Amino acid sequence: MSRQERRARRLLRWYPRSWREHHPDEFLALLEDSISERPFWPRRTIDIAAHGLRVRSAELGSAFRTSRRRVLIGSSASLVVVVGALAVVTGGFGVLGTSGPTKGQMPYEPGKIVPYSSVPDYVAVSIGPNMIGYAPRAYETRNSPDLAAVLGRPVPIFASNLKTLLGHEYSGVGFVPAGKSPWSQPCDPESVIVARPSGETVITIPCPSTTIVLPNVVGMVTPTGMAELSRLGISEDVLNVHSRTVLPGHIVSTSPPAGTIVHARQVVVVDNSVR
Amino acid sequence: MVDSLEAFGRYSGPATLLLSSLADGPKHGYALTKDIEHFAGIHLAPGTLYAALDRLVELGLVEGLAAEGRRRPYRITAAGASALRDHLEAQHKLTEVGLARLGSAWGTP
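Protein chains in written order, with the numbering used here: chain X, 5 to 279; chain A, 5 to 113.
Please keep in mind that the hints were generated in silico from the structure rather than gathered at the bench.
Please read these numbers as outputs of a predicted model, since none were measured by experiment.
Be aware that one or more of the hints could be misleading.
Restricting the straight-line Cα-Cα distance to at most 16 angstroms, the calculated cross-link-like pairs of lysine to aspartate or glutamate (EDC-like) are [said to hold, decoys possible]: (1) A:K31 - X:D37; (2) A:K38 - X:D37; (3) A:K31 - A:E72; (4) A:K38 - X:E41; (5) A:K31 - A:D90.
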């Protein structure tokens, strides 16, 4: 192994393995050429270290997307139940079809990181050994100084959100008795008055039994994209995510993605880009 | 006009340089560095070069060709050419306005 190659391989270690495997030899060859041409160039080392670490943190970041969801509606939190400390991983969440909201236990394990995707939409709440109902999921806020603690800590659920096991509240749908699909509920189409510069418009929000093909709002300015979804009768929740590619205030992605068939009033998570 | 290179933020500089270099034909990493140094007088460090290249590939503005030995040449796509044109035209307009205003207020050199 030549001296250049040794130095190049050492520099390459700043990048995570996945990245190195994606660019097997080409980047190493470039580094060797660069080292042969300019043996002493401190900026190269700084540049490689900075970009390598950035790739690593981006990989970490995608695993720890956390949110500022508008879920904790409980205004006067008289009682805060710490779900995580009580919940056990049981698996087999009561999933109401693939496109509907999920409900189940908070997948909490002490000291373990809980991925965002594994948290059900409605989290079971227990007091002691007794499960007393479901509450909309909640997250710790971003910017936690300790990345490993994000979502790994118990998530407080306000008691005012709780419904008994006889049924539970679905966002935009209302109270649904146990054993019934929220989409089968009878409902009155809601009329909403929207004020626009051109004047007031009345839009009708269809019942959950109406299905809608989710449009592509990625890349749109977030309020515009959300207005577009609202116009179709979809509810939105905003999740702030860091993006290197999408300008702040624009939509990075939606969950579920565009093209998915959703029910009216179903909550679609809109990922809003922030710096 | 939507300037798709704007999404690069602080990387729009390297992205513009890379696309401009690839505009006249495919090049691999080292050839890109040398070419950019030649026409712009900027020596792109390897990490910066590949970060911009990865983003351009991800956005479909550039595509990787089959590797030639250890080196992989990259080629600008039609979308890349149009994004570069839009970006440079916007820059060109800015240059013209700036020079014209300098000329009228400060005189031509």
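Hint-by-hint comparison with the structure:
1. A:K31 - X:D37: Measuring from Cα to Cα gives roughly 15 angstroms; hence the hint holds.
2. A:K38 - X:D37: holds (11 angstroms)
3. A:K31 - A:E72: Given pair A:K31, A:E72 holds - Cα atoms ~11 angstroms apart, limit 16 angstroms.
4. A:K38 - X:E41: holds (11 angstroms)
5. A:K31 - A:D90: violated (22 angstroms)
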